[in-house]
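A.B. asks: Residue-level listing of the chains:
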Amino acid sequence: MHSFTTLLRRELWEHTSLKGVPITLLAFVLLANLAFIFLLSNSTGTLSIVNGEEVRSLSSYLGFFTQLKPGQQTAIINSTMITTGMIINSVLLIVMFFYLLDSLYGERKDRTILFWKSLPVSNKQTVLSKLTIAVIIIPVIIFITTALANFMTLAIQSLVFYKNQYAADLLWQQTDVSGLSMFSIFLLIQQTIWYFPVMGWLLFCSVWCRKPPIIVAVLIPVILVFIDSSFMLGTGISEILLERLPLGIMSMQLGNESSLMAYNYSLNEQQLPGFNMSAGISVPSIDDILSFFMNVKVWMGLLIGFFFTGMAISLRRWRDDSL
Amino acid sequence: MKALVTAKGLTKYYGRFRAVDHVDFEIKPGRIVGLVGPNGAGKSTTLKAILGLIKYRGELEVFGRNPRIERAQLMHDISYISDVASLPEWIRVDQLLDLMVSTHPSYDLRKSLNFLARTDISKSHRIKQLSKGMKTQLHLAIVMGINARMLVLDEPTLGLDIIYRTEFYDQLLNEYFDQQRTILITTHQIEEIEHILTDIMIINKGKIVINMPIDEIGNHYVQLKTAKEKAEQARKLNPLYEKDLLNEALMIFENTDAHRLHEFGEVSTPHLADLFVAAVKGSHHA
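Going down the list, the sequences are from chains L and C.
The first sequence begins at 543 in the working numbering and counts up one residue at a time.
The second sequence begins at 2 in the working numbering and counts up one residue at a time.
Any given hint could be a false lead.
As the list claims (entries may be wrong) - Dumping the calculated DSSO-like pairs for lysine-lysine here, alpha-carbon to alpha-carbon at most 30 Å:
no. : chain 1 : residue 1 : chain 2 : residue 2
1   : C       : K29       : C       : K206
2   : C       : K208      : C       : K226
3   : C       : K244      : L       : K753
4   : C       : K124      : L       : K561
5   : L       : K753      : C       : K206
6   : L       : K666      : C       : K56
7   : C       : K29       : L       : K651
8   : C       : K231      : C       : K206
9   : C       : K129      : L       : K651
For the record, the hints were derived by calculation from the structure and aren't laboratory data.
Note that the coordinates shown come from a computational prediction; the quantities given were computed from them, not determined experimentally.
Whole structure, please, built from the sequences with the hints as guidance.
C.D. replies: Here it is, written out as structure tokens:
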């Protein structure tokens, strides 16, 4: 176990993007907040029309917010936070994609595989450590980065509220921390399970390919979809592949039947004039969770993911420094 | 004494190319074995088979284990240095030491630190900041800490200057080797390891052409330096190898009565470098 945690640390040492990208995203959120406040503070013209009223300055914007009903205030805060979370999630899923593709190919490319194989560490441990980064560590990083980004936004916004003589604690009172946290955690679990076969496939390509694996990893699914749809074979493989491909939380929220969450994007009674979105967050019930796990696609995906992971372990046994 | 490594009919194909061709050998404990051969002779392939890094045909037993399926367990007993390029460039020295402590159950960090204290390598250095010589020193420091029964070195001094090469082997001999440990070294620069070897295996075109303890070479091979005018007669004794010197000819004979050669000139035990050339060219002509 001690050596396994060291293998995880080794992945974080090597793949600096797993730390660098979240820090960059946090810096971007900070800058976006500051730019937003700066623009509102120094504006002279109309910035936006909200609820039929012109927003011309920071104080008019804050005034509008404080006049909303508590539920509507929560809705705006939730929308902002979820949007931030979706951006962070999508960017880090791209990082995960390239991490998995490079994880077992890079060691052959730079010939360090001979050093790694000189350690008393099995191929199973090595491959599973890389899978653990994708399945556990990156979702944890997404959660922490999102939480920090949202905390930073709240802190900056409440400072602005305070400076403009509004009740700064209004923001904190109307923030649904537990609801948002549960929402993020369940969504990240669902997302990880849903993308597990893709992760296994990327790991397999990383150890299998003798050329940069991105070509094969992308080309084979594209060719399969092309053949299936061009010749109208009706194998269903196109649907299976396409529903696993889109990145980010959005893909699972928009009518995906395997969706565990019910984040309602349709307009409802909480729709806010001028804000074309609603803000209902509902944490899944036991029935929702059961129906997700009763879905045959979930289990097929897990089986395929484990199959590709097993293949990656088996193939790495015979990989040396020759590409 | 039971052999640590036993190979019977070890064969390795890359496509249709036969890199190692039905070789048999044993490596006994407490020996320093040189596996030497020209480029592409099959040295690294043989090592990779011993280390469980490649598929092969034939029988191979290392520390009583099958390296094909028990590589990770084998690495408790074997320490391996390929060459200076195999250390990950991005890692810091302290991270590397941390990794060794966590993954090697019998790793002694103090031994590595004691060795490193005598170098210019700092724990905060990244590998990419180190010169080739420093990387070799670091690798050696790591090896010092591993309580392995066998050390496998594959061209460990490739690309190093003569100072570092000499220092590497001196330190290896003086500070690492003892009668409990075994070292297996591959190189094509035989002259730099001949003084430390106890056994030699010369491999050419995938076949082992010479395999014996160094102190038995004199029983099997004889070197003759003879004047040019006597060379023709000596040649009738069928030398394995011959080369022209300034006014003399140098011949190497295999399993020949040394007393018969005395009448032609100076007889001695051949240097490993000459024997290496003789074995390679001899097998080439065969």
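A.B. asks: All hints are to be evaluated individually against the structure, with a verdict given for each.
C.D. replies: Now for the hints, and whether the structure bears them out:
With a C-alpha separation of about 24 Å, the suggested pairing of K29 of chain C with K206 of chain C holds against the 30 Å cut-off. Taking the CA atoms of K208 of chain C and K226 of chain C, the gap is about 29 Å. The hint holds against a cut of 30 Å. With a C-alpha separation of about 46 Å, the suggested pair K244 of chain C and K753 of chain L falls outside the 30 Å cut-off, and the hint is violated. Of the supplied pair hints, the one linking K124 of chain C and K561 of chain L holds, its CA atoms being roughly 22 Å apart against a limit of 30 Å.
The straight-line distance between the Cα atoms of K753 of chain L and K206 of chain C is roughly 29 Å, inside the 30 Å bound, and the hint therefore holds. A threshold of 30 Å between alpha carbons decides the hint, and for K666 of chain L with K56 of chain C the separation of about 18 Å falls inside it, so the pair holds. The suggested pairing of K29 of chain C with K651 of chain L is violated, with an alpha-carbon distance near 35 Å, which exceeds 30 Å. Taking the CA atoms of K231 of chain C and K206 of chain C, the gap is about 34 Å. The hint is violated against a cut of 30 Å.
For the hint linking K129 of chain C to K651 of chain L, the alpha-carbon distance of about 16 Å falls within 30 Å, and the restraint holds.
Checked against the numbered hints given earlier, the structure breaks hints 3, 7 and 8 and satisfies all the rest.
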